[in-house]
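2 protein chains.
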Amino acid sequence: MSTAVSPLAPKSYPDLPAIEGVSFATAEAGIKYKNRTDVLLVGLAEGTTVAGVFTRSKCPSAAVDWCREALAGGAARGLLVNSGNANAFTGKKGRETVRLSADHAAKALGVPAETIFLASTGVIGEPLPAEKFAGVLDDAAARLADGPWLDAAKAIMTTDTFPKVATRTVELDGVAVTLNGIAKGAGMIAPDMATMLSFVFTDAPIAAPVLQALLGKGVAGSFNAITVDSDTSTSDTLLLFATGAAAARGAAPIETIEDARLAAFDAALADLLRDLAHQVVRDGEGARKFVAVTVTGATSDGSAKRIALSIANSPLVKTAIAGEDANWGRIVMAVGKAGEPADRDRLAIWFGDTQVAAEGERVPDYSEAAASAAMREEEIAVRVDLGLGDGSATVWTCDLTKDYVAINGDYRS
Amino acid sequence: MSTAVSPLAPKSYPDLPAIEGVSFATAEAGIKYKNRTDVLLVGLAEGTTVAGVFTRSKCPSAAVDWCREALAGGAARGLLVNSGNANAFTGKKGRETVRLSADHAAKALGVPAETIFLASTGVIGEPLPAEKFAGVLDDAAARLADGPWLDAAKAIMTTDTFPKVATRTVELDGVAVTLNGIAKGAGMIAPDMATMLSFVFTDAPIAAPVLQALLGKGVAGSFNAITVDSDTSTSDTLLLFATGAAAARGAAPIETIEDARLAAFDAALADLLRDLAHQVVRDGEGARKFVAVTVTGATSDGSAKRIALSIANSPLVKTAIAGEDANWGRIVMAVGKAGEPADRDRLAIWFGDTQVAAEGERVPDYSEAAASAAMREEEIAVRVDLGLGDGSATVWTCDLTKDYVAINGDYRS
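For the protein sequence lines, the chains are A and B, in the order given. Under our numbering, the first sequence has 202 at position 202, and the numbering climbs by one with no breaks. With positions in the second sequence counted from 1, the corresponding number in our numbering is that position plus 1000.
Hints are supplied without guarantee of correctness; some may be wrong.
Below are the EDC-like pairs computed for lysine to aspartate or glutamate, each with C-alpha atoms no more than 16 Å apart in a straight line [to be verified]: (1) B:Lys1217 with B:Asp1266; (2) A:Lys92 with B:Asp1275; (3) B:Lys1058 with A:Asp365; (4) A:Lys92 with B:Glu1359; (5) A:Lys58 with B:Asp1345; (6) A:Lys58 with B:Glu1359; (7) B:Lys1093 with A:Asp345; (8) A:Lys92 with B:Asp1343.
Examples of chain A residues lying across from chain B (beta carbon under 7 Å, computed) [to be verified]: (9) Glu96; (10) Phe162; (11) His278; (12) Gly329; (13) Arg376.
The hints are simulated quantities; they were obtained by calculation from the structure and are not laboratory data. Because the structure is a prediction, the values reported are computed rather than measured. Heads up, the beta-carbon is just placed ideally off N, CA and C, and yes, glycines get one too.
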């Protein structure tokens, strides 16, 4: 099993500023990993609103069930995340563990258990020993601080080879508001969504229903447009917390989605989510290539996205990319199997800037050398035009390498 | 790229008897491969009926288009198969090539071109040089013989590591009738169907519409219940030819699907198709394990099959099996992502005879040693009971190994 940092990792990490109302600490509970942090405890100021998007798995983890219930309250005072054990498919014990974990965190933070949000990631089916939290949470609560954010991102990693952070700043009523996000995820990544945890924090004063609407929009072009292996986790969780602290500095609270002042925040959130989602793909297990698959000319945007995902999830396409092989025949195969409207004799295909197929056959002056050169790049753009309509979509994925098999062939042992 | 024979290959091949009305020859046209046969020409007696099932790809190969048209006639006098080039996504040239190939074969066999069936498999998107057939088909037609069938199976191989043959004999009106089948396929194997070619021949006298009905039934539990990598080829073709020669020996023609005399033939055909389909899985690219996934207790048979395919297609399940890891958490994940009715807290899971989960959690006396022992076997049975209804289904697949990535990372080069 390779433990080297992904070659697609960012060359440097941004410096994340403090966010008023958010403080956190990490700890080593020794749940599965030794000699590394595996717990993140976050304290949130009174008045913090929250929105969430979760896995669509029919077998969600106990923590996901808990968060869905807690979300109904719309208020958040704390977040507890552990890595190494997903507390998924653990039956009644899992529900008890979630309750105990929330109680521990609530007591440590001095807030109601119903305002604690929980996320667990790691092995499925193993009972999570909640008692391991008992010792570390009181200590962590005593150490809450407004940084460093990279430590928070590190504590939630499992098979990730690098921590994932992003930050954006926008103006709201002339006041600077900040968005900080962290994420983890490397395998079992597919819409909707992934073994993917992501937590975004802002000091903007935004009501919970508005936050939820923004998050639902933002996720479509980010976490729901990436795939590593088509597998969907039982634990996927994306939470957005807004402390509202910027209100004291003059940013008036936003109560409706129609508020024109939202535009900049909305764009920044979408951009930050896409940034984090791309980092997850860049850390795809065994990944050596970052691939953008764009489909245009489809009968609808939805159809374009389904075709793009069919391409991005195809093991034959992904192994060809791993082999730096401009095998556009497999792109045709993946278009054909998507079950969406497509006309073989109108298809056009590009690798990078090199068009390899037009009107259903190889272009006459096709340059294998140019196509091969495009495939040797670390970032590869695959584009398909269907010639049928105006629908388009882009999804992001990585290649399928021997390391993916190695990493996942003995993950549990 | 590994060229060793799959460890899951049959230990011996059955001896296939001659079938009255079927004669064939193989040839070396040098389309892609050197020093091996890559063409199979089959002559069929007058009166031969035919049925076919093809890929559901929206971008089928030119040969598939041709066969669909030819099938409407219901009569077959010849079959031409080449390996090394799929003549798929070759535009107008592809259609001309198909026409030229059929003309060549028709001339060589002395029959109408409209009764010639065609199949091509191999690289997609490269023009197939039809002129390469010109020389070899006349010669092949002069060498037509009623065996050996293993040679026919070898000529149609691409990345296959062993030829696939099967035979069955049943009585019809007290007369022995024979079914012989050959198949090829190793990757791009998924319902519905696979880069899979299979040709079945019988001397039973059965009308074309009846043949078609039998084939449709037989394919559901065989070629449409296997998956290697979830990818669906543009060229999948399964053809069933019935020469009717047994009529002269006293087997009265079968004109309707209600004919009670069909029962034995129907069962034998289904069994032969399943045999061939299993051989395709056993030759799955890089496969080291033959895996049967059975889902019971689903709300319907269709729901059970969709869940079984979600498990069988999951890269994380398949890599765990490659790693001999009894990772039942990934089975839960795959059940959850199928989108079919499932209740986490009713799930039961077995590896072989070892139950690992019951009522949504690990069984109390779970034996890792027993589960691990089951995973070390060459043939692995995964069973999931949903506890919801009476729906059930079994699908067959193989593991996902580093060799799959190696084989597909540089196939074209």
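Report task. Please work out if lysine 92 of chain A and aspartate 1275 of chain B have their alpha carbons no farther apart than 16 Å. Result -> Since the Cα atoms of lysine 92 of chain A and aspartate 1275 of chain B sit roughly 43 Å apart, the hinted pair is violated (cutoff 16 Å).
Report task. Go through the hint on glutamate 96 of chain A and say holds or violated, using the shortest Cβ distance to chain B against 7 Å. Result -> violated, 12 Å
Query raised in the report: Is the Cα-Cα distance between lysine 58 of chain A and glutamate 1359 of chain B 16 Å or less?
Result: Holds, because 15 Å separates the two Cα atoms, which is no more than 16 Å.
Query - Straight-line alpha-carbon gap lysine 92 of chain A to glutamate 1359 of chain B, limit 16 Å - result: holds, 10 Å
Query raised in the report: Do the numbers back the hint for histidine 278 of chain A, that is, is its least Cβ distance to chain B under 7 Å?
Result: Given a least distance of 21 Å, the restraint on histidine 278 of chain A is violated.
Query - Given pair status - aspartate 1345 of chain B, lysine 58 of chain A, alpha carbons within 16 Å - result: holds, 11 Å
Requested in this report: Could you grab the alpha-carbon distance between lysine 1093 of chain B and aspartate 345 of chain A and see if it respects the 16 Å cut-off?
Outcome: Holds: lysine 1093 of chain B and aspartate 345 of chain A sit about 11 Å apart, inside 16 Å.
Query raised in the report: Hey, lysine 1058 of chain B versus aspartate 365 of chain A, does the alpha-carbon distance stay inside 16 Å?
Result: Between lysine 1058 of chain B and aspartate 365 of chain A the Cα gap is close to 26 Å, so the pair fails against 16 Å, i.e. violated.
Query raised in the report: Minimum Cβ distance from glycine 329 of chain A to chain B below 7 Å?
Result: holds, 3 Å
**Report entry** Satisfaction of hint between aspartate 1343 of chain B and lysine 92 of chain A, Cα-Cα up to 16 Å
**Finding:** Holds, at about 13 Å.
Report task. For the pair we were handed, lysine 1217 of chain B and aspartate 1266 of chain B, check the Cα-Cα distance against 16 Å. Result -> holds, 9 Å
**Report entry** Hint status (Cβ of phenylalanine 162 of chain A to nearest Cβ of chain B, threshold 7 Å)
**Finding:** violated, 21 Å
In this structure, the hints that do not hold are numbers 2, 3, 9, 10, 11, 13, in rising order.
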